[in-house]
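Here are the chains, one letter per residue:
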Amino acid sequence: MRLAAVLLAAASVVVAAGAAKAQVPVKIGVLNDQSGLYADLGGQGSVWAAKKAVEDFGAAAKGLKVDVIFADHQNKADVGTSIARQWYDVDGVDVIVDTPNSGVALAVNTVTKEKNKVFINSGAATSDLTGKACTPNTVHWTYDTWALANGTGKAIVKNGGDTWFFLTADYAFGHALERDTSEVVKANGGKVVGSVKVPLNNSDFSSFLLQAQSSKAKIIGLANAGGDTINSIKQASEYGIVDGGQKLAGLLIFLTDVHSLGLKVAQGLNLTSAWYWDQTDANRKFADAFAAANGGKRPTMVQAGVYSGVLHYLKAVAALKSAKDGAAVVAEMKKIPTDDPLFGKGEVRADGRQIHPMYLYEVKKPSESKGPYDYYTLKGTIPANEAFRPIGEGDCPLVKKG
Amino acid sequence: MSSATHPAAAPATSGAGSNAMILFAVAAVAVLLVAPFGVYPVFLMKVMCFALFACAFNLLLGYTGLLSFGHAMFFGGSAYICAHTTKVLGFTPELALLAGVAFSAVLGLLAGLLAIRRQGIYFAMVTLALAQMFFFFCLQAKFTGGEDGLQAVPRRPLFGVIDISQDIHLYYFVLAIFLFGFFVIYRTIHSPFGQVLKAIRENEPRAISLGYRANQYKLLAFVLSAALAGLAGSTKVLVFQLASLTDVAWQMSGEVVLMTLVGGMGTVLGPVVGAAVIVTMQNYLAGLGEWVLVIQGVIFVLAVSLFRRGFVGEVIAVWQQMKARKANS
Amino acid sequence: MFELLGIPPQALFGQLLLGLINGAFYAMLSLGLAVIFGLLNVINFTHGAQYMMGAFGAWMLLNYAGIPFWGALVLSPIVVAIIGMVIERTLLKRLYHLDHLYGLLLTFGLALILEGLFRRQYGSSGLPYNNPLPGGTNLGFMFLPNYRAFVVAASLVVCLATWFVIERTKLGSYLRAATERPDLVQAFGIDVPRMITLTYGFGVGLAALAGVLAAPAYQVSPTMGSNLIIVVFAVVVIGGMGSIMGAIVTGFGLGVIEGLTKVFYPEASSTVIFVIMALVLMVKPAGLFGTAK
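First to last, the protein sequences are chains A, B and C.
Here our numbering is used: position 393 in the first sequence is 393, and no number is missing along the way.
Take any residue in the second sequence, note its place counting from 1, add 1000, and you have its number in our numbering.
Take any residue in the third sequence, note its place counting from 1, add 2000, and you have its number in our numbering.
With the rest of the complex left out, here is chain A (with noise of 0.2 Å):
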């Protein structure tokens, strides 16, 4: 059925591009992981909010024809280059949004550089696509890992949280995110007194945790993501640690990894986090829509990026006219400053960061909390210019260049 509705969609952007010539013709390729791990945190949220964007902004009376389609990347970066080419090639599609997964983003960034389209990364988290592999064709939304280590780290250590063990995922993501987070730790007067270096999908974590407890850190980080961030604090309340005095420090974690975990086991632990719906009216309004359209779920900050994104996009569009020349477009994103509900005001910068604030949460007590999705409570804010790596420093060529 959704594949017809691809089919469908893809032959009415056909007639239409034919029919009428006044409309500036756009279509926007919604690629992420629709059966996986990141299914739930992007999936058709995102989709669901990529078309929002399209409808709020009103595209129709602005002179946009605006199409949206969207594909399953499978968490395979050879799935999702495969798609984004034929995408480019074939069906036409002007932009290419959300695309979780650091592997299969840092592909789709390749290819659509070598088309000369635009990317709008939501649910990546590596700050490479802003770094060393930024390319003028690339917009990077919602958070990124230095943003993430950066928010965390500082806040906890300013806390008293100054002493750190890290449970590391052994691969490039996860030694990425230990790296960032104890040099903040550091920078901010604080210590790492050991850590552990876990193999993916390793589903017990006591021993691991055992080595974490008996180091006597405040603070245990754990430098990992999904299903290894869920069973690491899953078993982390059932060896007592945090009943201990230790407190966890989530590096990645999603409000639907939350939803996953239930507040008895996820409470009192802190995160960071771009986006919180029940956060302002603005926030609460977009939830209420998106919950009313997906099964009462709330989105996430990933899919609430999506639809920031897309709002941006289109107005840089319909500024040009056109959505052909991608470099055009991005050059036009970074132009005009950044405008919308759900994100407030920003700016898009050369190396291709969307910079916003972000926010420090810590989990509710089941007690605390009214429901479902009800689960975080604001602890700080951290201000924009703070909230992401300083421009100079990711070794991004278009920064040298100017």
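None of these hints come from the bench; they were simulated from the model.
Glycine included, every Cβ here is placed at the ideal spot set by N, Cα and C.
A couple of the hints might just be wrong.
Computed spacing ranges between beta-carbons, pair by pair [claimed, not checked]:
(1) B:1163 to A:378: 54 to 60 Å
(2) B:1106 to A:280: 57 to 63 Å
(3) C:2041 to B:1183: 36 to 42 Å
(4) A:335 to B:1137: 58 to 64 Å
(5) A:327 to B:1165: 49 to 55 Å
(6) B:1137 to A:295: 26 to 32 Å
(7) A:284 to B:1307: 37 to 43 Å
(8) C:2149 to B:1280: 49 to 55 Å
(9) B:1106 to A:321: 56 to 62 Å
(10) A:193 to C:2093: 54 to 60 Å
(11) C:2089 to A:367: 47 to 53 Å
(12) A:90 to B:1281: 50 to 56 Å
(13) B:1142 to A:335: 35 to 41 Å
Given chain A, work out where chains B and C should sit, using these hints.
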């Protein structure tokens, strides 16, 4: 492409060596030469990479009777070497391919030495376990880039002069590699060496009693299969310009088994057809998300329960039946 | 790393105990595989998926029927075993006269279907299952959660009971005889096909039981089985399928070795079992407890 392969599959595999077969081969190559003008070339290249991979795998399963559940380590391992040598060391494509193939051959030798110590199901489990070990190595090693993989591998000019950065140019290079690999496998199967392999498959003790050192033959077949799987993996790097963990994961080993099974193990063209069917399916069912896994499983179960000879195998069987009936009447 | 040499003996003791807990899962799973292999000559690739189904069974019983953990401990394995027996009767049975490889391929396909269906229905981030035995005991050298202690005890009891039934009872002697000469045993008036079906059901039930035991400790997720099953295969290759006791001892032993690796060289803890497998293959290809045929 598929319309060309199916009807003519039977004569090609009956080993008749007749005019019909040569005619078929010429027709097939002709179709492949013009195909990229009608079909998206990147898709065709993907099919060819997997077809070569499946053919290499079939050499082991179909003609030697060894079920390897770890072929992803050769496919993906070679891909990493090819990507690394191209991107970091600046190798030209043909040298990077060679490096990838050499690596997978050596890896095949090491894995083979261990695995052929056990037979049957144990062989499958040992290869699976070795591949899993290799997967963890790739996940943790520095040069593979962990879960990010090796990205943006440049398409350098072939031999330093021929430009293959355009998809259509690259297509003909990939086609040449595919035909070369296919030819090597075809010649191997029909050589005296291939006959000995079949003898071992049918009855290993008898082959040994006839004076053949079965283990050496099996090892050689294993290394050859690994090297060709490596060739397929390296070629895939040229097409997609990346090497990632997907290629070394155990799911990839399962996929190649599926392709061979669906197409027909022990037939020359079976794996090609199987690869085309599975890749096409994945491509066009991508919108179905998690159902793809279920559908693959259902195909597995159906193939094992009802169509054990596979697509091409069934065609051959029908064709031979018809021939027999004709001869009787 | 100062932990390397400076590790106090008490902490080491704690890690050994943890290894034993993990070994309990390996032992139960490899035991089930060995029992099935012994009689059916099939490597049950679906074993991981059946382990996952056991865990999901517990979750569903709790959330749809309100049946707590202790009820699920009995009910879930029975339900999964019945599903397993249906599969044996309808699909596996038709393959016994063929090469064993087909059994492997069929069960592999089934594993894909089951994993895909559960992903489709429940997503892949997993579902929470509350710990039925919260709290724990401070042993001085470590904090032992009550639930983990229960897991080790339960799996030891189950493993030893299985060993006893197969090696020391009349029923077990029929089973062993049927493994060697099914035709003769059939001639003595024993219904061998039914015995095969029940054996498969029993092996599958063991996997599901391990799954129920895993549910409170780990997240209940569709992929929990497929990652584990490959390690269990290596365990089986190391132990050899010759003896029931072999499967149990290898399972617990490798759990302990893996546990120690997590302390001394954590980076290698996911590969250590495969390395041991390679070593065993070089020295004793039939496995530690296997008999060369």
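Now for the hints, and whether the structure bears them out:
1. In this structure, residue 1163 of chain B and residue 378 of chain A meet the distance hint of 54 to 60 Å, their C-beta atoms being roughly 56 Å apart.
2. Between residue 1106 of chain B and residue 280 of chain A the Cβ separation comes to about 60 Å, which falls inside the hinted range of 57 to 63 Å.
3. One distance hint, 36 to 42 Å for the beta-carbon pair residue 2041 of chain C and residue 1183 of chain B, holds here, with the actual separation near 38 Å.
4. Range check, residue 335 of chain A to residue 1137 of chain B: Cβ separation about 47 Å, and the 58 to 64 Å hint is violated.
5. Checked against the hint of 49 to 55 Å, the C-beta distance between residue 327 of chain A and residue 1165 of chain B comes to roughly 19 Å, which is inconsistent with it.
6. Remark: the range hint 26 to 32 Å for residue 1137 of chain B to residue 295 of chain A is contradicted by a beta-carbon distance near 42 Å.
7. Remark: the range hint 37 to 43 Å for residue 284 of chain A to residue 1307 of chain B is contradicted by a beta-carbon distance near 56 Å.
8. Remark: the range hint 49 to 55 Å for residue 2149 of chain C to residue 1280 of chain B is upheld by a beta-carbon distance near 53 Å.
9. Distance hint check for residue 1106 of chain B and residue 321 of chain A: the Cβ-Cβ separation is about 58 Å, which falls inside the suggested range of 56 to 62 Å.
10. Separation of residue 193 of chain A from residue 2093 of chain C is about 59 Å and conforms to the stated range, judged on CB atoms against 54 to 60 Å.
11. Between residue 2089 of chain C and residue 367 of chain A the C-beta distance comes to about 51 Å, which sits within the given range of 47 to 53 Å.
12. Taken as a hint, the range 50 to 56 Å is violated for the pair residue 90 of chain A and residue 1281 of chain B, whose Cβ atoms sit roughly 19 Å apart.
13. Against the hinted window of 35 to 41 Å, the Cβ-Cβ separation of residue 1142 of chain B and residue 335 of chain A comes to about 39 Å, which satisfies the hint.
Comparing the model with each numbered hint stated earlier shows that hints 4, 5, 6, 7, 12 do not hold.
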